[in-house]
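Enquirer: The residues making up each chain are set out below.
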Amino acid sequence: MSSAASIQRKTVDVTALLVAPGVGLVLLLFLYPFLYGFLLSFSAHEGVGLRNYVKFFSTPFLSQTIATTLWISFPATVVNIGLALPIAFATRRHRLQRLLTAILVVPITLGTVLIAEGLLLYLGPQGWLNRFLLVTHLSTSAIHLTHNYWGVFLSLVVSGFPFAYLLLLSYLTGIDPVLPQAAATLGASPWRQFIHIYLPLLVPGLAIAFCLSFVQAFSVFPSAVLLGAPAGPTRVISIAAYQAAFEDYDYPMASAIAMIMAGVQLLVVVLILAIRVLFYRGPTVGPKG
Amino acid sequence: MNPSAPFSAAGESSGSKKPAPSGREQNFQQLRIEKISRNFGATAALAALDLTIRSGEFIALLGPSGCGKSTALNCIAGLLPLTGGTIWLDERRIDQLRPERRGFGMVFQNYALFPHLTVRRNVGFGLKMRGIPGNEIRRRVDAALELVQLQAHADKLPGRLSGGQQQRVAIARAIVIEPPVILMDEPLSNLDAKLRLEMRAEIKRIHRDLGRTTIYVTHDQDEALSLADRIVVLNDGRTQQIGPPEELYAKPANLQVARFMGYRNILELDLERVEGSFAFLAGSGLQLQGIAQECLTSKRAVIAIRPDDIAIEPAQRKINEAHPRNVIFGQAELVEYCGRDYLVDVLAESGVLLHARTPRRIVTGDRLRLAVSPERVLAFSPA
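Line order of the protein sequences matches chains U and R. Residue numbers for the first sequence, in my numbering: 1 to 289. Residue numbers for the second sequence, in my numbering: 1 to 383.
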């Protein structure tokens, strides 16, 4: 018996070694820079301490970037999830779903800079949208959708929506289609099938999709610069970090801002996951006898 | 106490102020299924099923997998649109109603219990959808859980129940809404043999107590025979025979049904002559007299005999001894002990292999005399 146990232990040890390259890579590429930045954030010209953090939170010009970023990324995430959920639901068994998925994936592959350029051309003062509105007299003056809050917001939706859509689609198709059928035979209309069956089973998926979309939106940088007003309303936290690092050459300060950024993201993710715990998190197919 | 009391009590209290689940009728005379069909692409999964079901009847749809029986059930439930035909609940046409408007209770093969709801809320789901007040839901759910003996598990999630318990929840969930018709899609196929027998009896008991019209899909003829008032045999989407179990068992309409009803000995022989309803057949060294089940026109005929209808006794036969019709000599080739009796594969002298069942103890290699009554030899035209 003891030999069997030792054999088993040995097998486990050998198998566990297979994780080593992955762990090594994570340590090298993520944990090391993170720890380096973390330690760096505590050093300053005057010595070691919390000086950088104190400076960040005592300087409104810096600290208000948290609110600015949240003010863009939170609504954008809500809109992304809010749009992706009904569209994924409507197309989950549609025969054109593959085509639609392919079209929606394109913005992901384009990258934020190309999206920003496209939106500038489309929505700018001389863009197609404004020309169309002026020509059709739907509007007498140009609508300002670029170089302000809305430019950044729209670019976050364009780049974030496909991501949320694909995530939710995979969660939705993982729900056993017999469950809503069973609900239908029990008298549930399609709407109530959605409310009572799909939605509760989708809570874990929604939480994960929200977290990932939010983190993506919170770290917005290129579109905040290209489409936004980086000196004012869209001066997001990553711009503050960039300026600290590459305009002031204050790496410790930049590291501190990066740490604060990570802290805010972590806080939101933990909050969402904590809410998720209150809901059902088990399998999304009926239990098998 | 009348076991159906909790349900009739519920019916009585809600008689006056029932929230009237729109157009749902608890009482009806008959469910008429008129020539319903369903195609998937070019293939007909179900062709022209015609069936009139009386209120309270237990109907089994029986057939091999892929025969269209589940398709038929899904069509009746409203989960699959029909390609053709109509369905009537008395004078009300229901085939274009969505499943939630038909209000038929359904028990799914994999039970389809809502994994995020407790047993109590699973069972109460249909009542909640009907807008029934909470205290009445509670009372009716308790009654239903008592009926399936699951009161102790009311607050568990389905994932923590055994297969048999999940099955009971699925049944309780379907009957608690007091549907005019309960549909069951192979509800026992995921259970082990012992539990299957128990649940079969349970379903029979519930049907006896509540008298709900039930349509039950199965591929197991024992289930169909033991549960149903009438059996519908389907094959390749087509109705083969509709009738009471005794009738199907004794007089299968064709070879397909005979095969399904346990007629394991199926042989094609020469047809010598037909006298009245009797057919005289010979071939493969056998001489048999049987009953013509249909008009036999060709020179060949196919006979079907059930293993139980063959009487076996040990025999030493003298060489070249003449023997009467319907008697076959042979040797036990393979003996399977089944507890109550033995299932014996007998190699006849002529080289034909026959299956027979006997309570007599038989050992491989025994020489045997088989005899079968002419009434139990069914002769069909070759396919």
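Hints were generated in silico from the structure; no laboratory data involved. Quantities reported herein were computed from a predicted structural model and do not represent experimental measurements. Yeah, the Cβ is synthetic: ideal placement off N, Cα and C, and Gly gets one too. Accuracy of the hints is not assured; some may be wrong.
What the hints assert, rightly or not - From the structure, some residues in chain U lie toward chain R, with a derived Cβ separation under 7 Å:
| # | residue |
| --- | --- |
| 1 | HIS144 |
| 2 | HIS147 |
| 3 | GLY174 |
| 4 | ILE175 |
| 5 | PRO177 |
| 6 | PRO180 |
| 7 | ALA182 |
| 8 | LEU199 |
| 9 | PRO200 |
| 10 | LEU201 |
| 11 | PRO204 |
| 12 | TYR280 |
| 13 | PRO283 |
| 14 | GLY286 |
Unchecked claim - Here are the simulated distance ranges between beta carbons:
| # | chain 1 | residue 1 | chain 2 | residue 2 | range |
| --- | --- | --- | --- | --- | --- |
| 15 | U | ARG98 | R | ARG238 | 50 to 60 Å |
| 16 | R | ASP229 | U | LEU271 | 51 to 61 Å |
| 17 | U | TRP191 | R | PRO81 | 16 to 26 Å |
Enquirer: Evaluate each hint against the coordinates.
Expert: Status of each hint after checking the structure:
Using the Cβ-Cβ criterion of 7 Å, the hint placing HIS144 of chain U at the interface with chain R is not satisfied: the shortest such distance is roughly 46 Å. Restraint check, HIS147 of chain U versus chain R: the minimum CB separation of about 47 Å is more than 7 Å; hint violated. Given the 7 Å rule on beta carbons, the hint for GLY174 of chain U is violated: about 12 Å separates it from the nearest Cβ of chain R. The restraint placing ILE175 of chain U at the interface with chain R is violated, with a minimum CB-CB distance near 10 Å, outside the 7 Å limit.
The interface hint given for PRO177 of chain U is violated, since its Cβ lies 10 Å from the closest Cβ of chain R, which is over the 7 Å cut-off. At about 9 Å, the closest approach between the beta carbon of PRO180 of chain U and any beta carbon in chain R exceeds 7 Å, and the interface hint on this residue is violated. Taking 7 Å as the C-beta cut-off, the interface hint given for ALA182 of chain U holds, the closest approach to chain R being about 4 Å. Of the supplied interface hints, the one on LEU199 of chain U is violated, with its beta-carbon coming no nearer than about 10 Å to a beta-carbon of chain R, more than 7 Å.
Proximity of PRO200 of chain U to chain R holds as hinted, the smallest CB-CB distance being about 5 Å (cut-off 7 Å). Interface hint status for LEU201 of chain U: upheld, as the beta-carbon distance to the closest one in chain R is roughly 6 Å, under 7 Å. Because the closest C-beta pair between PRO204 of chain U and chain R is about 10 Å apart, greater than 7 Å, the hint is violated. At about 4 Å, the closest approach between the beta carbon of TYR280 of chain U and any beta carbon in chain R falls short of 7 Å, and the interface hint on this residue holds.
Checking PRO283 of chain U against chain R: minimum C-beta separation of about 6 Å stays under 7 Å; hint holds. Taken as an interface hint, GLY286 of chain U checks out: its beta carbon lies about 5 Å from the nearest beta carbon of chain R, inside 7 Å. The beta-carbon spacing between ARG98 of chain U and ARG238 of chain R, approximately 36 Å, falls outside the hinted interval of 50 to 60 Å. Separated by about 59 Å at the C-beta atoms, ASP229 of chain R and LEU271 of chain U satisfy the suggested range of 51 to 61 Å.
For TRP191 of chain U and PRO81 of chain R, the Cβ-Cβ distance of about 20 Å falls inside the hinted range of 16 to 26 Å, so the restraint holds.
The earlier numbered hints that this structure contradicts are 1, 2, 3, 4, 5, 6, 8, 11, 15.
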